[in-house]
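Student: The listed protein sequences correspond, in order, to chains F and X. Heads up: the first sequence runs through residues 1 to 332, numbered per my numbering. Heads up: the second sequence runs through residues 333 to 591, numbered per my numbering.
Just so you know, the hints here were simulated from the structure itself, not pulled from any lab data. Watch out, some of these pointers could steer you wrong.
Example chain F residues on the side facing chain X (calculated, C-beta under 10 Å, incomplete) [what the hints assert, rightly or not]:
#	residue
1	ALA30
2	LEU31
3	ASP53
4	GLY55
5	ASP59
6	GLN87
7	VAL88
8	ARG152
9	ALA205
10	LEU214
11	ALA222
12	VAL233
13	VAL235
14	LEU270
15	ARG280
16	HIS329
Backbone N, C-alpha and C fix where the C-beta goes; we use that ideal spot for every residue, glycine too.
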Amino acid sequence: MQPAASGRTRSPRRALALPLLAVGLLLSIALSLSLGSVPVSPAQLWQIATGGDAGVAGDVVLGLRLPRVLAAAACGGLLALAGALMQVLLRNPLADPYVLGISGGASVGALLAMTAGLAGALFELSAFAGALAAMALVFGLAHGEGGRTPTRLLLTGVIVSAGCGAAVSFMLTVANEQSLRGMLFWLMGDAGVAAPPAAALWTLAVGALVCVPLARDLNLLARGDLTAQTLGVPVLRLRLAIYLIASALTAVAVTTVGAVGFVGLVVPHLMRLALGNDQRLLLPASALAGALLLLLADTAARTVIAPAQLPVGVLTALLGVPVFLFLLHRRQ
Amino acid sequence: MSTAPPLLVARDVSVGIEGRTLCAALDLDIRPGEMLAVIGRNGIGKSTVLSTLAGLRAPLAGSLTLDGVSLASMAPRALARQRSLLPQSHEDAFASTVLDTVLVGRHPHIGRWSDDSAHDVQVAFDAMARVSLTGFEARDVRTLSGGERQRVAIAALLAQDAPLCLLDEPVTHLDLDYQTDTLSLFAGMAHDEGRAVVAVLHDLNQVLRFCDRVLLLTGGGEWVCGAVDAVLQPDTLSRAFCHPLRELRDGERRYFVPA
């Protein structure tokens, strides 16, 4: 045995974290598929999963619930992973995926599309283009002496977000009554009108695969640019890569389910409290826990006041605000 | 003075920042087994010169080679196995144990797909013992005092185990006894272990006591480099620091005090 295992980043809790989260996610998927206006029993679920014919229940589960469940889970994973990356990039545990203006840009793109009456793929394309435009704007403007330092990125992101917020308010003011409700739901995050989940699932898979080999270097980046650079991390290249990856993950998530708040802030923070700041564990744990959280929140959003639905962003915010305040209070 | 072939060689190196030349046409050989001090007034460019010697900042002109290889052409990881740098301050944005923070020094020795081995952990524990941090391994670095945090950084530097050690104000936050212990440790790393040690220092009497040679930056890009006894003379120092200094003698030992 090592002289003092207590100072190490490993413990049974850490070894169990990923399997437990994965099992929790699978159970939540089953729960979410079975809840709704047409209740589906576990036996029926099993029948559907094994390729059997379950009649109406099968159509409901495969045609209606499964795409929504996958979209919510994938986007929760994307947002939490992007949040964890942003927190390292900005070296600030209170950063979230939207802090650099990506949701603001996506919102402007989405609302422009709604104002123009676009739907489907064109609508998603517009939101995605808005996210990319905000990302390019922040990245272009944040350059200065010493490169794109965390402070400079943060300030530029906050200002671009504020500008986008003003544009969004303007479009809401001049919008007609019919589109206003859809706009508000989209702005709060709504898996009910979610785009097909394939893009989000693929992005999550690719993002996770790219991030895991970078995790050791990220551990050093979290300790400061100078420390990381001194110890052989190509800091400028790594920061650029993290910025692009986190932005792409966020842009896809926002395009799919709208600007769902707090998942990207609270989940990495909770995982860090529970498991420590080793990115090799933190990144996959955040992705799984984010998927779990957004899926449960969306399941609640479509069942608690059924047949009416809540925007899922309202539920994540109701959960996120107290958790955030609690964490902030602990820091002082 | 060390006669080994030089480890770090600077030829005609100019260091500058924002159009200001801090050090012009620097020729410097840093050899294994010697401890070189970098001294000069605040803001004169000591840290910038140090990070240029570390290969973290390109010089305006001139060439830098480490063990015969151009610094600019070395891969960051290979460079990190050859030279360590103790920064002036430490950022701790996130919680981390002392052991994990010291293990960071092992990063360049551990492959991308590997985990730190029992050997790496042993190296970290040995490094902690050398700076009197035994028993601190599970503490959160954010709960340490400034001096304790500095010793953690020194332990990480020891764990990095590089032949060239660059130190930016290594003892500024330390208590007097730790200052002496730490400088003795670094002098031992140079004289006994055959490493090359370059340290930015403020206390001239520590330079006299622990260092072999000194690089004095005098402003406007000018510099003086030589054996400690040759460079540290009252008139040179009084001009460089813009304040008259008096030399006191206690047997063989010399001391400088502000007049």
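Student: Take the hints in turn and mark each one as holding or not.
Tutor: Right, here's what the structure says about each hint:
{"no.": "1", "hint": "ALA30", "verdict": "violated, 34 Å"}
{"no.": "2", "hint": "LEU31", "verdict": "violated, 34 Å"}
{"no.": "3", "hint": "ASP53", "verdict": "violated, 46 Å"}
{"no.": "4", "hint": "GLY55", "verdict": "violated, 49 Å"}
{"no.": "5", "hint": "ASP59", "verdict": "violated, 46 Å"}
{"no.": "6", "hint": "GLN87", "verdict": "holds, 8 Å"}
{"no.": "7", "hint": "VAL88", "verdict": "holds, 9 Å"}
{"no.": "8", "hint": "ARG152", "verdict": "violated, 16 Å"}
{"no.": "9", "hint": "ALA205", "verdict": "violated, 20 Å"}
{"no.": "10", "hint": "LEU214", "verdict": "holds, 9 Å"}
{"no.": "11", "hint": "ALA222", "verdict": "holds, 6 Å"}
{"no.": "12", "hint": "VAL233", "verdict": "holds, 7 Å"}
{"no.": "13", "hint": "VAL235", "verdict": "holds, 8 Å"}
{"no.": "14", "hint": "LEU270", "verdict": "violated, 14 Å"}
{"no.": "15", "hint": "ARG280", "verdict": "holds, 9 Å"}
{"no.": "16", "hint": "HIS329", "verdict": "violated, 16 Å"}
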